[in-house]
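Number of protein chains: 2
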Amino acid sequence: NGRPVFIVARKGAASAGLESFPHRIVDLGDIHTASKALREAGCRELVFIGKIGRPRPSELRFGWRNIRYMPRIMKMIMGGGDAGQLHKLAAFTESIGFQVVGVTDVAPELLAPLGILGACQPVEADRRDLAQGWRIADRLGELDIGQGCVVVRGRVLAVEAAEGTDAMLERVAGLGPWDGAGILLKKSSSIQDSRMDLPVVGPRTVELAIRAGLGGIGLEAGKTIIHDLETVTGLADRAGLFISGLAGEGGELSDTAHQQG
Amino acid sequence: NGRPVFIVARKGAASAGLESFPHRIVDLGDIHTASKALREAGCRELVFIGKIGRPRPSELRFGWRNIRYMPRIMKMIMGGGDAGQLHKLAAFTESIGFQVVGVTDVAPELLAPLGILGACQPVEADRRDLAQGWRIADRLGELDIGQGCVVVRGRVLAVEAAEGTDAMLERVAGLGPWDGAGILLKKSSSIQDSRMDLPVVGPRTVELAIRAGLGGIGLEAGKTIIHDLETVTGLADRAGLFISGLAGEGGELSDTAHQQG
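Protein chains in written order, with our numbering: chain R, 249 to 509; chain C, 249 to 509.
Bound-form chain R, shown alone:
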């Protein structure tokens, strides 16, 4: 949205396209180099992008200039739930002088809108599975377990925890095929810092949902990042998979966008 951007990428995790932006690639754990690069580029706000994993201590490359950060970083990655870890990471980032800003604030166009995306519509049984998946995902989020689940005709087939959505969908494919019944539901956790770890859905998610034979995907509107919307809807439309942006305010699940109804 017009603001200048500087990217700090973790070595080994940098994606294509990085070269077209001013950037610096740093070792994981090298807070000193990262914050120095950000400061020199004049950055004061910081957006975390992509899944924030929990590195093994052996993966970290501290170097002597980072010794002072070590105790807090070790405390963040050892034990505890994901929500606690991310709250600590946000607090740490702000303590070294950067304001943490969410994708929601700087690029709302990446978030799933309310309503049906693409050409396919859920049938009545899908809507019941969506409502059940929403309730389940809501509880999973409160318990700090994960952000997704798969429901097939009233039965919870799989729950996402540390393995992530892709591994969950591969498991569901192995248990199936489900012949176009059932849904994947992704919903953000109510106890997590929503600037840090919103659910992300991309072409790979759709491919795996198609391979598992699910009927569709339900996403929390305004709280799920869609990566490469055009490819996502293209894949879904060709396979007959629906994608529905949902909101559950007031306990009633809805995918009717206000401008449509």
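Hints were generated in silico from the structure; no laboratory data involved.
Do not take every clue at face value.
Which copy? The list can't say, so a pair holds if one copy fits it or any two copies do.
To be verified - Here are the simulated EDC-like pairs of lysine to aspartate or glutamate, each with C-alpha atoms no more than 20 Å apart in a straight line:
(1) Lys299 <-> Glu390
(2) Lys323 <-> Asp441
(3) Lys323 <-> Glu372
(4) Lys323 <-> Asp427
(5) Lys284 <-> Asp476
(6) Lys323 <-> Glu418
(7) Lys336 <-> Asp414
(8) Lys299 <-> Asp414
Given chain R, put chain C in place with the hints provided.
Showing chain C alone in chain R's frame:
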């Protein structure tokens, strides 16, 4: 406990040792043959043993004498949660003249006792993981998701749904190794018919927990079937894995057997 036994085994699922009991092997779905065999053997009580899966319609071998059972069986296996399915199966079994009896009633010696089994003790951090796993498993049971989870130092790594405990432990091994931290917790569901589907732990469970590098296993005392106790504790002792029979009445988790303390 001295009562005569007659076994009806599903074709393809019969285990070794079956030959030493009067038995009949039947096709899945052939209620007619099964109930005729049971009646001729004078059976009036029926114990379901082993995991009751959800067969695909194509796996069922009805035959014309079973036509009258078909609608109810199809209704049982299509859709809905596991708890509902098992309540329906119990009601169906009783409607055709057999009283459903739980393993708890006929062979309480197979159930996990309260207290530490084997030689290894949980450390304080394990006890916290056990308490968290118990709370999580309790909620999973209420939501009819599954009967197990893995917690490593305060983080829920995996939740068991349709894939079962073994697949969950294999996943945890792939995410690890966990170097002796963390626990597997198995707890029965409060909404399921406890005559039908108690959690089962056996040598394979212990082998997979060892391979994942977990510190131990927590089982609901009196509600978890231990298959081959001697092998289970032998494996656990050699690997330094603890096994703890737990009860959570009053909200306070305990593995202290009354006779010990």
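Taking the hints in turn, this is what the structure says about them:
Proximity of lysine 299 and glutamate 390 under a CA criterion of 20 Å is satisfied intra-copy only: 19 Å inside one chain copy versus 30 Å between copies. Proximity of lysine 323 and aspartate 441 under a CA criterion of 20 Å is satisfied intra-copy only: 18 Å inside one chain copy versus 43 Å between copies. Taking identical chains as interchangeable, the C-alpha atoms of lysine 323 and glutamate 372 lie at most 20 Å apart only when they sit on different chains, with a minimum of 18 Å there against 47 Å within one chain. Proximity of lysine 323 and aspartate 427 under a CA criterion of 20 Å is satisfied inter-copy only: 18 Å between copies versus 46 Å inside one chain copy.
Taking the shortest Cα distances, lysine 284 and aspartate 476 never come within 20 Å of each other, neither inside one copy (32 Å) nor across copies (60 Å). For the homomeric pair lysine 323 and glutamate 418, neither the shortest alpha-carbon distance inside one copy (33 Å) nor that between copies (28 Å) is at most 20 Å. When the C-alpha separation of lysine 336 and aspartate 414 is checked against a cutoff of 20 Å, the pair qualifies neither within a copy, at 26 Å, nor between copies, at 34 Å. Within a single copy, lysine 299 and aspartate 414 get their C-alpha atoms as close as 13 Å, which meets the 20 Å cut-off; across copies the closest is 27 Å, which misses it.
Going down the numbered hints, you'll see the structure goes against 5, 6 and 7, while the others check out.
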